[in-house]
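J.: Work out the full structure, taking the sequences as your base and the hints as a guide.
Protein chains in written order, with the numbering used here: chain A, 1 to 394; chain E, 1001 to 1394; chain Z, 2001 to 2394.
Source of the hints: derived by calculation from the structure; they are not laboratory data. It cannot be assumed that every hint is accurate.
With a cut-off of at most 27 angstroms between alpha-carbon atoms, the simulated BS3-like pairs for lysine-lysine come out as follows [said to hold, decoys possible]: (1) E:Lys-1354 / E:Lys-1340; (2) A:Lys-382 / A:Lys-354; (3) A:Lys-49 / Z:Lys-2382; (4) E:Lys-1202 / E:Lys-1049; (5) A:Lys-382 / E:Lys-1049; (6) Z:Lys-2049 / E:Lys-1382; (7) E:Lys-1186 / E:Lys-1354; (8) A:Lys-49 / A:Lys-340; (9) E:Lys-1382 / E:Lys-1202.
Computed footprint of chain A on chain E, listed as stretches where at least three residues anywhere in the stretch have a Cβ under 8 angstroms from a Cβ of chain A [stated by the list, open to error]: (10) 1049 to 1059; (11) 1074 to 1081.
Just so it is clear, CB atoms sit at the ideal spot from N, CA and C, and this is done for glycine as well.
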Amino acid sequence: MNAYQSLLDHLQSLDLSRRSPDFLLTWEKTEAELQAVLTVARILRNLHKEGRSTRFFDTGLAVSIFRDQSTRTRFSFASAANALGLTVADLDEEKSQIAHGETVRETANMISFLTEAIGIRDDKFLGAGHTGMVEVAEAVQTGFEEGTLHQRPTLVNLQCDLDHPTQSLSDLSMLVDTFGSLENLKGKKLAMTWAYSPSYGKPLSVPQGVIGLMTRFGMEVTLAYPEGYDLVPEIMDRAQTQARESGGTFTVTHDMDAAFQEADVVYPKSWAPFTIMQERTRLLRAGDTRGLDALETQALAQNAEHQDWECTEEKMALTHNGKALYMHCLPADISGVSCKQGEVAATVFDRYRKATYQQASYKPFIIAAMIVLGRFPDPVAKITDVVGRSQLRY
Amino acid sequence: MNAYQSLLDHLQSLDLSRRSPDFLLTWEKTEAELQAVLTVARILRNLHKEGRSTRFFDTGLAVSIFRDQSTRTRFSFASAANALGLTVADLDEEKSQIAHGETVRETANMISFLTEAIGIRDDKFLGAGHTGMVEVAEAVQTGFEEGTLHQRPTLVNLQCDLDHPTQSLSDLSMLVDTFGSLENLKGKKLAMTWAYSPSYGKPLSVPQGVIGLMTRFGMEVTLAYPEGYDLVPEIMDRAQTQARESGGTFTVTHDMDAAFQEADVVYPKSWAPFTIMQERTRLLRAGDTRGLDALETQALAQNAEHQDWECTEEKMALTHNGKALYMHCLPADISGVSCKQGEVAATVFDRYRKATYQQASYKPFIIAAMIVLGRFPDPVAKITDVVGRSQLRY
Amino acid sequence: MNAYQSLLDHLQSLDLSRRSPDFLLTWEKTEAELQAVLTVARILRNLHKEGRSTRFFDTGLAVSIFRDQSTRTRFSFASAANALGLTVADLDEEKSQIAHGETVRETANMISFLTEAIGIRDDKFLGAGHTGMVEVAEAVQTGFEEGTLHQRPTLVNLQCDLDHPTQSLSDLSMLVDTFGSLENLKGKKLAMTWAYSPSYGKPLSVPQGVIGLMTRFGMEVTLAYPEGYDLVPEIMDRAQTQARESGGTFTVTHDMDAAFQEADVVYPKSWAPFTIMQERTRLLRAGDTRGLDALETQALAQNAEHQDWECTEEKMALTHNGKALYMHCLPADISGVSCKQGEVAATVFDRYRKATYQQASYKPFIIAAMIVLGRFPDPVAKITDVVGRSQLRY
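T.: Put into structure tokens, the structure is as follows:
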């Protein structure tokens, strides 16, 4: 109980008075709100590890809306919902179209009469994912204010075109556990680098989420990618500003080795260039299949020029004491294992496999924490209740 | 608690002694049974609004069987099941065929060993939907009597070819809340009218459900449609008889303006002509794709002759004080919003948007009420328990 | 309570000290472990019949992985999970590929952070189903040992290429209830026979499961099939050895009448020859569509030569007093009902319909028992708790 008490005391000390019920972008959140997510996630994870119940709801729905395929995030959301006592109801895009405007407003309300949380993954269309989530949030807010809904469901961004907050906060949890505290991250060198993949069209939300979050804690963040593989400019600007404000640095380079030099953490991961994603969005909207095929061919050829952007043993040797933490959001393209040539050498991945699994293991608790903080006006009181109940999970 | 007590007293006063465990057609139910559904739904809705638990079951499955796409009804059923403590298991028609005869009997039993409720939506084939539900009901009844099943699951019709009772009873709840009481509906004018839609093949169950239910409460119900858009004749006859018995009226007209004159309630909604649905059923069974295409072309051309059947501001001005309640089961075809020209003008819909959302909001509680009344021999005792428990939902 | 006490006493008397957390193949389990499954299933079934709660978990996921279509097994798993308080999360193979090697290891861990049980059905590829399950079991075992997973999920084989333990143990439950006790099965004649079906490619796991299990209890098991319809040789050898050890017999014949002679139990059921399944697996892996079509044509022609392998009234008359128990895992191919000519005559099936439904009704409780025995180190203590709680299900 003492361990829980100090976490609860920390939570109590944070100013959460102006927080929104939704979690859409980390950079819209105060540092207190981010710390609250980390802290609540830690409490829930500890309870789970001890075999204790983390049930906050007697009944209630958690609606999931996935605009593309997903195993990890889908199960993370299902796990988070289940841990809190909620039941997932999928709004299947194939079965039932959710569009924009009146249709979004209506559908958002129709699925929310008994809904406590809504998780949305919508990263396919650059410029549309986050916008769509804001539309849903406004729709349920109005529905709640007008009395259509008895409760205001909390929205959780399970990946959009701009950010992937449940991933980046899981990553941050991993860093905190690796280096001992948030405070200890100051001055640590993190290399978020592009890596070669034989596939194409990987979203930008992971690198954007990482540079958009880690620059807030005084880290020395380097973003490395081959020329042409830019991220959304506004987010690169934001990373720059945040680094300055937090006493860290944000450097962009087109040299993978330079990024790995003396790095404490490396995060080599493929993504598609911002401009390709823009063009792809235009073609997808236009339904231009031929154009999409041509774009894919062009993009793969462009990728193939950068096969040396691989996280090899040689590259790892450049890092701090040759022992940087290797991170990946999974699944990784492992050379000789999941593809002929990919993002990471098999021996490197193998050495860090357990670490990448641990990195992923935070996500269900991060999502659950976002729901708890979004739904409960006084989260400290509610969590104190749940912890005090000492109910076993089985 | 007093509010609940008067609802429970009313429930206690109703003669429910001969009720069936299933809810398939409103016109097979006594008025006491219908009042019981409204009353139990109101109790559950109030509990939910107060953040209190409506859990009736510790565990148990609620099986949903949908023979066509659905978002609203699917989520209403999922919400109802969840509110009662049941977990939805979908019998996916694409994954696992449910047919007729021996297969229905067997499947119905195989999915019911731990099942407390079964919700079925089957409105595609005229003449088959209701018949199929009766087959399932008989199968689980026999299974229960023979000891194959430890409990008799309750069947709820989530829309068939004849009726849509969860919709029409939600509509009735809306009317009761709008006009103050069931008693107050006497003499109120309701216009159930056809409206133009650019799509085709919309089911008959909503207008049939409305005229089959509202004629029982002394309302002056007018059914308006262009010549040729008849409903199933037996249900029109039934509406006539019921209106006579309840002291109301049932009038058929082919003039939309006449129906709107002095109406207190208007329900403009597209449907396909009965004869078209019969022909479509024949062609679907025969797998006659070419015939189906030809029928669609013909039906759309027929629809297009009646584009003036739109709920415009001009038409609304004809109603009682120009302020009739506009109703729709959603989604509506809104002119200039969801289609070029449709069932209702955008300004009319916009004024009543909140009302249509409220109308929809009753459905989860109506479904839950049907399950409670179907499954519990002494619903008053069970509900008294749940209300008295005063368990919060979170 | 006395009835439960004697079952609990029996359970207590069984040596379960070396059991694995998973249930993959009956022949890897000791007789004590098999008796434990039967006993726990009986306790759960009795509790359910009395309307009492069988909830063992407050929250938790039960992941289901189905590599082919299934209604019965899917609902049995969903029912078992629900009865224990777990929520099913489907790993949909179409939505998210689960492959072998690194991918299996990773996916198995990614879906298991809050997972208590995993049910897998994988019977399509001969030589791959069981192997794949072992891979998943090893992956979660390692994940648990390394601390990635806070708990070790229990694996349940819901049908593989070798065995169908949830089916064969349901069958055994039926036999115990029919003949009074496990002991009473000694010397009873069971005919597991091939039967004609107009379809092709039915898995071998049911007959293999039956001969692999029933030969352990002193039964006189006859396996009958037309020449060429062999099962996996190792399992036929195993049945031979087990029969010798248990004081029973295991006889192979190619004469259906001989198998039915004086049989106490008959289990006529179609399957594809072992060699055809091997060839089909090869062609499926090679993606050889033309080869698969040719194989199907050949196999159906081969089947058609044995249309006399039907469980007719004449054949039933050969059995002990003409009253052998007819068993089937369902759905059966019923002549003149579900197909023109099939495995069983309509009048025979009709007489045993209720019995086949009862046979199926054990499965949810068998699966739940496997989960309980796999997950709880001291199942007697845990079950005593649940029984003693005397919580009603509603």
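J.: Now tell me if each hint is right for this structure.
T.: Hint by hint, here is what the structure shows:
1. Restraint check: the Cα-Cα separation between E:Lys-1354 and E:Lys-1340 comes to about 23 angstroms, which is no more than 27 angstroms; the hinted pair holds.
2. Restraint check for A:Lys-382 and A:Lys-354: not satisfied, since their Cα atoms lie roughly 34 angstroms apart, outside the 27 angstroms limit.
3. For the given pair, A:Lys-49 sits about 19 angstroms from Z:Lys-2382 by alpha-carbon distance, which is consistent with the 27 angstroms threshold.
4. Under the criterion of a C-alpha separation no larger than 27 angstroms, the hint pairing E:Lys-1202 with E:Lys-1049 is inconsistent with the structure, at around 33 angstroms.
5. With a C-alpha separation of about 19 angstroms, the suggested pairing of A:Lys-382 with E:Lys-1049 holds against the 27 angstroms cut-off.
6. The suggested pairing of Z:Lys-2049 with E:Lys-1382 holds, with an alpha-carbon distance near 19 angstroms, which does not exceed 27 angstroms.
7. With a C-alpha separation of about 25 angstroms, the suggested pair E:Lys-1186 and E:Lys-1354 falls inside the 27 angstroms cut-off, and the hint holds.
8. The hinted pair formed by A:Lys-49 and A:Lys-340 fails the criterion: a straight-line CA distance of about 38 angstroms is larger than 27 angstroms.
9. The suggested pairing of E:Lys-1382 with E:Lys-1202 is violated, with an alpha-carbon distance near 39 angstroms, which exceeds 27 angstroms.
10. Counting residues of the segment 1049 to 1059 of chain E whose beta-carbon sits less than 8 angstroms from any beta-carbon of chain A gives 5, enough to reach three: the coverage restraint holds.
11. Residues of the segment 1074 to 1081 of chain E with a Cβ under 8 angstroms from some Cβ of chain A number 5, which satisfies the need for three, so the listed coverage holds.
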